[in-house]
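Numbering follows the numbering used here, in which position 8 of the sequence shown is assigned residue number 8; successive positions increment by one, without gaps.
Rather than coming from a laboratory, the hints here were simulated on the basis of the structure.
Note that beta-carbon positions come from the ideal geometry of N, C-alpha and C, so glycine has one too.
Wrong hints could be hidden among the right ones.
Cβ pair distances, simulated, as ranges [claimed, not checked]:
1. V7 - E31: 22 to 28 Å
2. A72 - I124: 24 to 30 Å
3. L32 - D86: 27 to 33 Å
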Amino acid sequence: MAAESRVLEAGLAQLYAQALVAIARADDQIELEEGQRLQQHIDARTSSPIPLEDLLLVEPLAPLELAEHVRAAEGPFRGGSIHARDLARIIVLDSLSVVLAKGHVSERQAQQIIGFATALGCTIEEVRSMTADLDPWLAQLR
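Using the sequences and the hints given, assemble the complete structure.
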């Protein structure tokens, strides 16, 4: 896996999986290789299985929706298991691994990846420091 190996708590794992699915299907299709890699990443990050078929039946998760859930869990007495920027890094690197299974990142997928990262509090420079695979789209945001 691209990002550090980390198993997420159940609620956060579900949101992570929904974010990866939203990114993978941003170009309106999930190819076989993408689907296989998607399930591998989800399995590696969760302690209990989340079938891809179930995730495909759920409305796509929007970046701001994920950010709201994460921020609500980060409260001082909530015992949040991960910081929003750490989750953003995991989503960026894992989603790139998934979408690059088909050989390239589509514009819509890149926009979704950047959208999730920035919604979780990352700056464009922080996203740029994570990977060069998004440079063509990040250059447009200067």
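task: Given the range 24 to 30 Å, decide if the beta-carbon distance of A72 to I124 lies inside it.
output: holds (25 Å)
Cβ separation of L32 and D86, checked against the hinted range 27 to 33 Å: Holds, at about 30 Å.
query: Holds or violated: 22 to 28 Å for the Cβ distance of V7 and E31?
result: holds (27 Å)
Hint violations for this structure: none, all hints satisfied.
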